[in-house]
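**Q** In the order they appear, the protein sequences are chains A and B. According to the numbering used here, the residues represented by the first sequence are 84 to 280, in order. According to the numbering used here, the residues represented by the second sequence are 84 to 280, in order.
Among the hints, a few may not be true.
No distinction is drawn between identical chains; accordingly, a pair holds when it is met within one copy or between any pair of copies.
[As the list claims (entries may be wrong)] In silico DSSO-like pairs for lysine-lysine, Cα to Cα no more than 30 Å straight-line:
no. : residue 1 : residue 2
1   : Lys118    : Lys265
2   : Lys134    : Lys265
3   : Lys204    : Lys118
4   : Lys134    : Lys204
If you're looking for bench data, these hints aren't it; they were derived computationally from the structure.
2 protein chains.
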Amino acid sequence: MSRWEPNARGRLEEAAYELFLGRGYDQTTVADIAKRAGLTERTFFRHYADKREVLFGGAGALHDELLRALDEVSPELPPIEAVRIAVETISALMHGRRQLARERRRIIAAHPDLQERDLNKRSSLTGALEAGLRRRGVAESAASLAAEMGIAVFYSGFDRWLDDPAERELTEIVHERFDELKAVAAGAGSRNNDTGR
Amino acid sequence: MSRWEPNARGRLEEAAYELFLGRGYDQTTVADIAKRAGLTERTFFRHYADKREVLFGGAGALHDELLRALDEVSPELPPIEAVRIAVETISALMHGRRQLARERRRIIAAHPDLQERDLNKRSSLTGALEAGLRRRGVAESAASLAAEMGIAVFYSGFDRWLDDPAERELTEIVHERFDELKAVAAGAGSRNNDTGR
Numbered sequence: 084m085s086r087w088e089p090n091a092r093g094r095l096e097e098a099a100y101e102l103f104l105g106r107g108y109d110q111t112t113v114a115d116i117a118k119r120a121g122l123t124e125r126t127f128f129r130h131y132a133d134k135r136e137v138l139f140g141g142a143g144a145l146h147d148e149l150l151r152a153l154d155e156v157s158p159e160l161p162p163i164e165a166v167r168i169a170v171e172t173i174s175a176l177m178h179g180r181r182q183l184a185r186e187r188r189r190i191i192a193a194h195p196d197l198q199e200r201d202l203n204k205r206s207s208l209t210g211a212l213e214a215g216l217r218r219r220g221v222a223e224s225a226a227s228l229a230a231e232m233g234i235a236v237f238y239s240g241f242d243r244w245l246d247d248p249a250e251r252e253l254t255e256i257v258h259e260r261f262d263e264l265k266a267v268a269a270g271a272g273s274r275n276n277d278t279g280r
Numbered sequence: 084m085s086r087w088e089p090n091a092r093g094r095l096e097e098a099a100y101e102l103f104l105g106r107g108y109d110q111t112t113v114a115d116i117a118k119r120a121g122l123t124e125r126t127f128f129r130h131y132a133d134k135r136e137v138l139f140g141g142a143g144a145l146h147d148e149l150l151r152a153l154d155e156v157s158p159e160l161p162p163i164e165a166v167r168i169a170v171e172t173i174s175a176l177m178h179g180r181r182q183l184a185r186e187r188r189r190i191i192a193a194h195p196d197l198q199e200r201d202l203n204k205r206s207s208l209t210g211a212l213e214a215g216l217r218r219r220g221v222a223e224s225a226a227s228l229a230a231e232m233g234i235a236v237f238y239s240g241f242d243r244w245l246d247d248p249a250e251r252e253l254t255e256i257v258h259e260r261f262d263e264l265k266a267v268a269a270g271a272g273s274r275n276n277d278t279g280r
């Protein structure tokens, strides 16, 4: 970035969400967002390729942090434990962002093309996690299954987090769901009993 | 269908794949497909909404069969076992369709919009399986995790099936991957050992 703007990215994000929710995603332009944030369009484009990227810009950060966290886990740990630690690490990044994430979900739910993009991001994240496990020496099929399970726990935990009546943190919910995943894989969970919630 | 055409749907599918691969998906029209199959465009539209549906028409059958199979499983079985049986049942539908499925994968890989549609179908299938488990009385979070695992096994098994050097049947590969899923969830699979393949 060639010019310093105090927290320009955060201000643009906040302005964009306010407009997406107030007047609607389709009715909001990049010019509107920049104006509301008190910044120029040029500054907007230094941070985001287009308005859609405001909704998905966080995915790149999640991706990088997921792989960084994975690389720091001891190679002695089983793949599912390495995945658990990496997924719990990125879950912590969502701290304080619940309201924004709820608004994001509402916007995406109203736009099939944004839903498809969201599924794409999930698929990329799964692929990146699988590749990270392969680099640790995990066999292909174990890497693919562990990555699928980890991302499924993250996304299903994320949904739960948005609606959690107790407003628990995402890391706590994800931690619990990994335990539940293991229990369900081992044959628990029939008819509202041991894993009923 | 108002008029009987002997295996019109299968003939249209075969003609479509030949054209998609021969001249390219984008260069193929519905008229081309109907002509090659020796049928009218009107007959085409009795079977498929558009040429894209030829690639995704099978997903509806998978969806119905998955839920039918799930409903036949004893309610006493744990969710993951019910899912396993249902997924193995739909895997059997792929018998004899490996070459077609390989061609389908090649076409989809060349078209980002088809990839997104494919991800969408996967997401719908997961949602339908989850809803089927909920109807069996399985608690929400166990249903969601068991459905995610089952569909992950199906899709990753499917990919393996397309490339399997031993040309084993999909049901066999999926059966094996469910065992592996359980092992990985329980902590197996570190560094090319117990689940290495």
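**Q** Failing hints, ascending?
**A** The structure conflicts with hints 1 and 2, although it agrees with all the remaining ones.
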